[in-house]
Every structure is written in C-alpha cells, then in structure tokens.
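Trainee: Chains V and Z, in that order, are what the protein sequence lines are. According to UniProt numbering, the first sequence is numbered sequentially starting from 1. According to UniProt numbering, the second sequence is numbered sequentially starting from 1.
Wrong hints could be hidden among the right ones.
[As the list claims (entries may be wrong)] Dumping the calculated DSSO-like pairs for lysine-lysine here, alpha-carbon to alpha-carbon at most 30 Å:
1) Z:72 with Z:125
2) Z:245 with V:294
3) Z:121 with Z:72
4) Z:68 with Z:121
5) V:301 with Z:196
6) V:301 with V:279
[As the list claims (entries may be wrong)] Derived Cβ-Cβ restraints for the label pairs, each shown as a range:
7) Z:13 with V:191: 24 to 30 Å
8) V:139 with Z:135: 55 to 61 Å
9) V:191 with Z:3: 24 to 30 Å
10) V:92 with Z:11: 33 to 39 Å
11) V:89 with Z:14: 43 to 49 Å
Hints were generated in silico from the structure; no laboratory data involved. Bear in mind the structure is a predicted one, so any value in this text is a computation, not a measurement. Note that beta-carbon positions come from the ideal geometry of N, C-alpha and C, so glycine has one too.
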Amino acid sequence: MQDLLYFFQQLINGLTIGSAYALIAIGYTMVYGIIGMINFAHGEIYMIGAYTALITITGLASLGVAWLPLVLLVALICAMLVSSSMGWAVERVAYRPVRGRHRLIPLISAIGMSIFLQNYVHLAQGSRNIGFPALIEGGFTFGPADSFQTSISYMQITIFITTLICMTALSLFISRSRTGRACRAVSQDLGMANLLGIDTNRIISATFIIGAALAAVAGLLLGMYYGSIDPLFGFIAGLKAFTAAVLGGIGSIPGAMLGGLILGVSESMTSGYLSGEYKDVVSFGLLILILLFKPTGLLGKPEVEKI
Amino acid sequence: MLEVRNLSMRFGGLLAVDQVSLDVQEHEIVSIIGPNGAGKTTVFNCMSGFYRPTGGEILFNDQPIHGKPDYKISRLGLVRTFQHVRLFNKMTVVENLLVAQHRHLNTNLIAGLLGSPNYRKREQKALDRATYWLDRVGLLELANREAGNLAYGQQRRLEIARCMVTEPRLLMLDEPAAGLNPAETRDLNQLIISLKEDYNVSVVLIEHDMSLVMEISDRINVINQGRPLASGTPEEVRQNDDVIKAYLGET
Chain V
1 MQDLLYFFQQ LINGLTIGSA YALIAIGYTM VYGIIGMINF AHGEIYMIGA
51 YTALITITGL ASLGVAWLPL VLLVALICAM LVSSSMGWAV ERVAYRPVRG
101 RHRLIPLISA IGMSIFLQNY VHLAQGSRNI GFPALIEGGF TFGPADSFQT
151 SISYMQITIF ITTLICMTAL SLFISRSRTG RACRAVSQDL GMANLLGIDT
201 NRIISATFII GAALAAVAGL LLGMYYGSID PLFGFIAGLK AFTAAVLGGI
251 GSIPGAMLGG LILGVSESMT SGYLSGEYKD VVSFGLLILI LLFKPTGLLG
301 KPEVEKI
Chain Z
1 MLEVRNLSMR FGGLLAVDQV SLDVQEHEIV SIIGPNGAGK TTVFNCMSGF
51 YRPTGGEILF NDQPIHGKPD YKISRLGLVR TFQHVRLFNK MTVVENLLVA
101 QHRHLNTNLI AGLLGSPNYR KREQKALDRA TYWLDRVGLL ELANREAGNL
151 AYGQQRRLEI ARCMVTEPRL LMLDEPAAGL NPAETRDLNQ LIISLKEDYN
201 VSVVLIEHDM SLVMEISDRI NVINQGRPLA SGTPEEVRQN DDVIKAYLGE
251 T
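Produce the complete structure using the sequences and hints provided.
Mentor: What follows is the structure in structure tokens.
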C-alpha cells in the first residue's frame, strides 16, 4: 500500500512537470513542422513569460489587487501578450531575413537570439534568483497518517487543468479554424500553399505567436510551481521541452504532448526511485534510445521522398 | 491574353529553350507538345515563375510577368498543376479545396474565434464552392477522405478542382493525363473542354498523349530540342513534315 502511494506521488509529480514541458514543446514542434528550423530562442520566450507574469503580479499587489483569480488572469494575459509579441519579433528580426538559406544559418541566428534575450534579462532584471510568490497553496493528501502520504497540491491541479484547456483549444484551432487549416497546408507544402494564395509569412508569424503564448502559460505555471526564477530559467526547460518534442516526433503536435508527459514521468520516477541527480541521465538516455530505434520519434512519420 | 515572345532559358552551357514564342487567346485550349526533353516543362516553369527566363518576355493581359515570383503570378489568375500530383496529402479532400480559397476568405482571427456571422457566411460560401467542384469532378462522395488515399486519377481531378476554386483566368496543366487509363483520359478530356466552354477559362496543356491533344486543342505548338518546330491547328500540325520527322524519325 505504501509503495503504491509512493508510486502515485511520483506519477503525479511527473505528469505535472510533464504537462508543462509539453506546453513548451509545442512551440518547438510547430515551428519545426512549418519551416523546418529549431527555434533555440524558444526557452527564452518562456523565461520572459515567467518574468512578465511575476512583474504583473508584483505590480497588482502594490496596487492592492488581491483577488486571486483576477491576479492570475491578468498575469496570464500580460505574459501571453508580451511573449507572443516577442516571439513574433524574433521571427521577423532574426529568422525571416535568413529563411531559405542553408539550414545552419537560421540555427546560428536562433542561438544568437537566445543569448541576446538571456543577457538582456540579466541586465534588465539582474542575474539573481527572484522569488515567485506561491499564490495557490494547499492541497489534498491521501493515505494513512502514520506513514507515507500522497499529496496533490492545488498548484499541481491548476497546472494540469490549464494545460488540458490549452491543448484542447490548440487542437480545435488546428483542426477546425481557417488559420489552423492554412497552418496544416503550409506545414505540408509551403511552396504549394504560397501558390494557392495563402499568405505564408502570416501563417509562419501565427505559428510563432501561438507557440510563444503557450510557452508564456508554462512560464507562469512553472514559475509559481518552482517558487523562483532567474534569467537562465528558460535554458534547461527549453532543452527538456526540445527533448520532449524530439521524443514524440518533431513536427507532430500530439507527439509533443506525449513526449512531454513521458519525459516528465520518467524524470520523476528516476528522482523517486534512484536519485534526483540521475534524472537528466535517464531522460536524455531515453532520447538516445528512441532515436536509435525510431529516429522519427514516437509519433513522427518517416519522411518518404517521392521521386 | 498570354503572349510569350522569343523565350530562352539557359542552364549553364545548356540552352534548354531557344526562342520559343506562343500566344493564348481568351477561350482557347493551346497545347505544347514535343518529344521527351524538348523543353516543354521548362517553358511552363518560366511562364509560371518557377524559373526566371534568360531571354525573351512573357505578357499576361499586356502586363510583363517574366521574373515575377510564382505566387504573384498565380494571384493574377495564372494557375498551374505539376507533372507530379502535389496535394496536401494529410488533409481531407474537401479541406484541400477550402484551403485553396484561403485568400478569398479574408481571414480575420478574432472574427473566426468569435464565429461572427460574416465569418460563417464566407465559410459557407467557400464550402458551397468546394462542394460544387467536388460534384463537378465526381469526388463528392470522397469529400472526407484523406487526399493521399485517393486513387491516382482521382488525385489528378482533385488537383484540377483545387485550381478551379481559386477562379483562374488561365489554367496550365502539365501532363494531366500521365498515368491515367483510357477511360480516365476520356473523362479528363470532357472536363478540360467543359472548363473552356462553361467556365471561360483558357487552358495551356503539356501532353504526350497525342490523341488527347489532337482531340481537344484549338492550337498546338510543337517544340523539339528547345526550338519551336511548328504551330497551328491540330490538322495543320498533323500534316507538317517536320513534325512527322521529329516524331517518327527520318527515312
């Protein structure tokens, strides 16, 4: 019984962190699906989302606004707006001018953008850890009082539900809306979509904006969950989310969701049963294994060159 | 409406197209024929903006279009298909036609999210047009299948339907009958003629299948080794000695 409760605890922790990874991973996978480049500045967009949310929350507190749902909603909207415009601007400034060149060039440009944004936040906000107020406290506990108890915090539930809402909204958007339809067309054949009169530049911008908005949601959620942020906050999370995207099959949105969850659960299981220091070893080891046996990732389709 | 004058295209040392001229009037089907490697597709690629021609000029409604990017040319109403079918394979048949009308839909994200009446009205109009063309090319029952799963002949027809929902003035078809069986080719004939007769679209056609070309073309241009060999009505071309030599060899 106790073992089972312990297992469930790890599972819950893993799903929580994994769903946040998935939110970030979608940004990588959508951009890759459409223009075939890895947006290495995406982790920084997520970090900026977390900072914006924190600044908004602090600002609202100084104004005396204390009603929690309002604070969270305003913080969320601000973070999404700032991150989205940042994502849009990054594409305009750093990727569009070099699009269609050798594929290393946009990659280097992305790395440059990532370094630039990180250092910009260093300068603007200082490089220290800043405490993120845990606005959502408390939770449920299960199990006997005298031994191990499984606990689910309200924060974890919030992360899970928010992710679920975002994923559902995104899936509906991609499958039902006009812009979503155009996104799918552009990701399948950009040249043909252009010929048919779709404004592909606008669709590419939309992809960056959507990915950045989801990253901002993750930034707010994980900022609250971890309790502190710093300018390097986006680096590891970005790397993990990228791993999740590759694991699930880069270019595939359900793949990113699945990859994020698998990565989160395998990390928390490793921390729970082996040691926290091994969690990165296991998650990146898993990545290597999957790439060895299924190079396109779990849900990625093999690219067949038609002749 | 389309005038090609002294078009040349050089790839390094190879002169793939040499001084080719042709013109297309309103309400006309014009074919480009020639043996393999004669430069037919190269002419097409220059006309549709895939290549920037190294010489000559192309006028569409008296407006020069040579050297313009392909998507600008297609927005003028000059739309092409490819030798290889290029559908959005992972989208359904009807989605392929809806997405082609994206420009006409004048997308507004906010209106879309709110589902405003105007948005719905336009979407409905696009759907009506897609339905009409699916019915016209006989694919209505397959509307919700994935395009990649259709039979080859059906994919060909869907591609033409996808061009037609964009309301082109001039349709350029690159070997539309390639890989079709005789029955399918006959259907295609009917379809192409009806595009001209019923929808007032001019057609430029590249084709190997001589029976198709002779049957439906108003005029034919023959190209051999990049150079214009002959042009005229099907009857004139059929009796042209140079054409006979090029196709059958000299005795």
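Trainee: Compare the structure with each hint and give your call.
Mentor: Evaluated hints:
1. Restraint check: the Cα-Cα separation between residue 72 of chain Z and residue 125 of chain Z comes to about 24 Å, which is no more than 30 Å; the hinted pair holds.
2. With a C-alpha separation of about 56 Å, the suggested pairing of residue 245 of chain Z with residue 294 of chain V is violated against the 30 Å cut-off.
3. Taking the CA atoms of residue 121 of chain Z and residue 72 of chain Z, the gap is near 27 Å; set against the 30 Å cutoff, the hint holds.
4. Proposed proximity of residue 68 of chain Z and residue 121 of chain Z is contradicted: the alpha carbons are some 34 Å apart, above 30 Å.
5. With a C-alpha separation of about 41 Å, the suggested pair residue 301 of chain V and residue 196 of chain Z falls outside the 30 Å cut-off, and the hint is violated.
6. Between residue 301 of chain V and residue 279 of chain V the CA atoms are separated by roughly 28 Å; this keeps the pair inside 30 Å, and the hint holds.
7. Between residue 13 of chain Z and residue 191 of chain V the beta carbon distance is about 28 Å. The supplied range of 24 to 30 Å therefore holds.
8. The supplied range of 55 to 61 Å is met by residue 139 of chain V and residue 135 of chain Z, whose beta-carbon atoms lie about 58 Å from each other.
9. Under the hint 24 to 30 Å, the C-beta atoms of residue 191 of chain V and residue 3 of chain Z, about 26 Å apart, fit the expected range.
10. As the Cβ distance of residue 92 of chain V to residue 11 of chain Z is approximately 35 Å, the hint placing it in 33 to 39 Å holds.
11. Between residue 89 of chain V and residue 14 of chain Z the beta carbon distance is about 45 Å. The supplied range of 43 to 49 Å therefore holds.
Hints 2, 4 and 5 from the list above are not met by this structure, while the remaining hints are.
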